[in-house]
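Asker: Chain A is already provided as a structure; the job is to place chain B on it using the hints.
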Amino acid sequence: MKSEQQYIDIFTDCRGMIDQHSGGALNTLRDEAFASFARLGFPTGKVERYKYTDVPAAFEPDYGLNFKRLEFPVNPYEAFRCDVPNLSTSLYFVVNDSFYDKALPAVTLPEGVIVCSLKEAATKHADKVTDYYGKAANVSGDALTALNTMFAQDGLFVYVPRKVVVERPIQVVNISRSDVDLMVNRRVLVVMEEGAQARLLFCDHTVDEHRFLTTQVVEVFAKENAHLELYELEETHVKNTRFSNVYIHQERDSVVSHYGITLHNGTTRNLTDVVMKGENATTNLYGLVIADKQQKVDNNTLIDHAAEYSMSNQLYKYVLDEKSQGAFAGRILVRQGAQHTVSNERNANLCATKEARMFTQPMLEIYADDVKCSHGATVGQMDEQALFYMRQRGISLDEARMLLKFAFAGEVVEAIGLEALRDRLRHLIEKRFRGELGRCSGCAVCG
Amino acid sequence: MLEIRDLYASINGKEILKGINLTVNPGEIHALMGQNGAGKSTLSNVLVGNPAYEVTSGTVMFNGKNLLEMSPEDRAHEGLFLSFQHPVEIPGVSMVNFMRAAINAKRKYHQQEPMSAADFLKMMREKRKVVELDSKLANRSVNEGFSGGEKKRNEIFQMAMLEPTLSILDETDSGLDVDALRIVAEGFNKLRTPETSALVITHYQRLLDYLKPDVVHVLMNGRIVKTGGPELAMEIENKGFDWIKEEID
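Those protein sequences? They're chains A and B, same order as listed. Using this note's numbering, count along the first sequence one by one with no gaps and you end on 447. Using this note's numbering, count along the second sequence one by one with no gaps and you end on 696.
Among the hints, a few may not be true.
As the list claims (entries may be wrong) - For lysine to any residue, the following SDA-like pairs were computed, each having C-alpha atoms within a straight-line distance of at most 25 Å: (1) Lys-583(B) - Leu-387(A); (2) Lys-583(B) - Arg-422(A); (3) Lys-354(A) - Asn-459(B); (4) Lys-431(A) - Arg-587(B); (5) Lys-354(A) - Ile-458(B); (6) Lys-431(A) - Ala-564(B); (7) Lys-431(A) - Gly-539(B); (8) Lys-239(A) - Lys-431(A); (9) Lys-354(A) - Gln-559(B); (10) Lys-163(A) - Glu-279(A); (11) Lys-555(B) - Ser-396(A); (12) Lys-555(B) - Arg-401(A); (13) Lys-431(A) - Gln-559(B); (14) Lys-555(B) - Leu-397(A); (15) Lys-461(B) - Asp-383(A).
Claimed, not checked - Computed far set for chain B versus chain A, every beta-carbon distance over 10 Å: (16) Ala-565; (17) Leu-638; (18) Thr-640; (19) Asn-685.
Since the hints were made in silico from the structure, they are not lab data. As the structure is a prediction and not an experimental result, all values here were calculated from the model. C-beta: ideal position from N, C-alpha, C; glycine also.
Bound-form chain B, shown alone:
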């Protein structure tokens, strides 16, 4: 599904990713762990095509297509979704208009007719339940005045609406209390199918307790330095990252 080969990327001339290799197969959940500044968020931003980041070399294939040549919106249409670490507030743009624009853009890309207003609202109602998102929030401006937890729930709600095949969760667990984490994680699990995959960026084990990753990677200084099973995450939770650093040195 996703094949990253020798990916190098920089921001403002500073090289952050220094040769990433990563393959995600359909149905797999990969966890990406690492200390601050290791390049985790850079990788997610590069994958979704944030224009602030520059890819200097390497390839990324997504379902057989060259991802790096696509616009951010086309990557989304092809099934890529990013749950933002810091969801953006957009005052004056209602959630309804925002989601309708997104859904209809995707339908247009796949040569489908726009969704009727009634069908769309019905879909909104159903998908809201996945993350127990209040109908009042759905009627407000995008993320405006949402609490930290509401913003993250709103991300998973959007994921439910757009039905991506590969979701990147960028520290979706940060800033969540225990209940909110459970709602978000359970919401995510409800959306899983044998064909959908995820790349989960996190510092903590507790999200992974819910999501049960198949593969765990450790990112350090722009490279994946260690890959293992779920037990690797547990080990990091207990011992931190220093032992891996020592292992490499």
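In isolation and in its complexed conformation, chain A is listed as follows:
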């Protein structure tokens, strides 16, 4: 219990300050979360869902915590230059875990739609937040979710009322900015009421050279016939550690597509848990990982088919170069009675060097007898014949390798619904493969 102890101590010592600078539902769950964290401790390699990421080591270093919510000077428009051209979005910023209210988009959202600070929502829209906060996240069973719930003071709240369609994508840029090594605990709550439709794009950036340790818990509630596309794009530096737990609850006829794209990072562990509670719901999970140097990316998914006629698709592709390490574990659970489930899971990986490592574990667990499910994984190397074919045509080895990697990643990019984002990603991925995206334009260290 070595690395746990410092967090237990901090929580005990700072509880008053944490509460004081937060509010409402966020404060009421802390005791339960603390008890569960104290009981669970950090997961070791023996915990199935965490066996590919060394959690205790990630939490060992001494990070600062900003419970008093002191503001770090930042100009998000200056810090964030990797915008998506031709994509007209309602653009918001979250600096560390604070919703940045000094740069709100000029456009007005449809009536009743809320995009604001979660802390603010916990008092201003207390009923809405209380109904959902902590209801999807596994506070009692996942130590990192428990830890996040203990410490989270703010973040983002998105609410789309019944039958409202938000045409313009909502883009939220999460900026990590600090003058010391910093731990950030960010919380996001997304509620899509019946028939609501929206597209959310989260972009994570680090804008200075300090180490960051970010825990993030995202809870998504998609009510009957709600449609949500949720894009998460990580473009951070090599000294960034990210633990992101996304929990999605889907009611009948809802469609949720989640795209997790790791363009550049340090150590990343993403968990995506989906519960399909209502019949005829659809879930699409797409993942694209591009890693080199000693970057680590671990994606862990669970799709719980708990109702009839639900459908899920998963496609995760990794391009691992140099000494990077990837992991994918995806478990599909088809419960008894979840008849007519259709579920597909595929994980394909390209290890461009002998040093790159990939661990993959597709899992299928079926308790119903009338279902159609598939799961599979491949790990391959660069096609030497294709490389030589291209070189014979005059294409340099580097360029040929780039073309092959780009082609491999393309399948996920083509699945992206937002056309402008698709174009932008093609451009970013190409730059990334050419080594021109060692840092995003705002980041200071990478190499």
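Answerer: Relative to chain A, chain B alone:
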């Protein structure tokens, strides 16, 4: 143009080429015939620098430059082209991007500016006609889902785009029906100039009927054992290789 002297080469430690001597002058077409395993494909692979093959001794000069010291891509830039016996499928890489990368790499090597997108597409359109390559194929991934004949036509299309001075056709006729063979051969002939040469590897006379080689070589057990005019190919077509074997023994 091409001067091969005492070339020895091996793959996985097994010696395949055992002293090849061959000179190709500008404008000449040389046919290389021989049974399976004689070393024909090894020779073409060695010439274009396939890293799977190891040259153990000998020299190859190409337009006065030491070919064996060059990377495969530089050999291509210098004007060497191989029409592959088995063209490789590259899923996800479009023909357009593939050809643009190749053309611009060559232009860069010769210190020329990259070609504009409009000029490039115009060139693609024109060169496609040489082998009657469907525009749909040109928009697909490289060789992916192409029939055998389409793949070979695509090879000659690429040759038309890259305008090599020495082309090696490695069994370009294998797997082609009569019409496809005619299209490929006529396409090749349209691209000929007094300065361009070719080394044509084949088992059959029918391709040579179209290409009309100046010189015919017979490769046996890693060596060129017989050289003659076009009539030699005809003789092999009629009599096979055994009589040559007997002649040597």
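Asker: All the hints need checking, so say for each whether the structure fits it.
Answerer: The hints, checked one at a time:
At roughly 24 Å between alpha-carbon atoms, Lys-583(B) and Leu-387(A) fall within 25 Å of each other, so this suggested pair holds. The suggested pairing of Lys-583(B) with Arg-422(A) holds, with an alpha-carbon distance near 23 Å, which does not exceed 25 Å. Our distance criterion of 25 Å between C-alpha atoms is met by Lys-354(A) and Asn-459(B), whose separation comes to about 21 Å. This hinted pair checks out: Lys-431(A) and Arg-587(B) have alpha carbons roughly 23 Å apart, not beyond 25 Å.
Our distance criterion of 25 Å between C-alpha atoms is met by Lys-354(A) and Ile-458(B), whose separation comes to about 23 Å. At most 25 Å may separate the alpha-carbon atoms for a hinted pair to count; Lys-431(A) and Ala-564(B) meet this at roughly 20 Å. Distance restraint check for Lys-431(A) and Gly-539(B): the Cα-Cα separation of roughly 18 Å lies within the 25 Å cut-off, and the hinted pair is therefore satisfied. Under the criterion of a C-alpha separation no larger than 25 Å, the hint pairing Lys-239(A) with Lys-431(A) is consistent with the structure, at around 21 Å.
The straight-line distance between the Cα atoms of Lys-354(A) and Gln-559(B) is roughly 37 Å, outside the 25 Å bound, and the hint therefore fails. For the proposed pair Lys-163(A) and Glu-279(A), the alpha carbon gap of about 19 Å is at most 25 Å, so the pair holds. With a C-alpha separation of about 11 Å, the suggested pairing of Lys-555(B) with Ser-396(A) holds against the 25 Å cut-off. Proximity of Lys-555(B) to Arg-401(A) is assessed by CA-CA distance (about 18 Å); at most 25 Å being required, the pair is judged to hold.
Using a Cα cut-off of 25 Å, the hinted pair Lys-431(A) and Gln-559(B) holds, with the two alpha carbons roughly 23 Å apart. Note on Lys-555(B) and Leu-397(A): the hinted pairing holds, with a Cα-Cα distance of about 15 Å set against a maximum of 25 Å. Proximity of Lys-461(B) to Asp-383(A) is assessed by CA-CA distance (about 24 Å); at most 25 Å being required, the pair is judged to hold. The non-interface label for Ala-565(B) is consistent with chain A: the shortest C-beta to C-beta separation is roughly 20 Å, beyond 10 Å.
Against chain A, the non-interface label of Leu-638(B) holds: every CB pair exceeds 10 Å, the least being about 16 Å. Every beta carbon of chain A lies more than 10 Å from that of Thr-640(B), the smallest distance being close to 20 Å; the non-interface claim holds. Under the 10 Å C-beta cut-off, the non-interface status given to Asn-685(B) relative to chain A holds; the minimum distance is some 35 Å.
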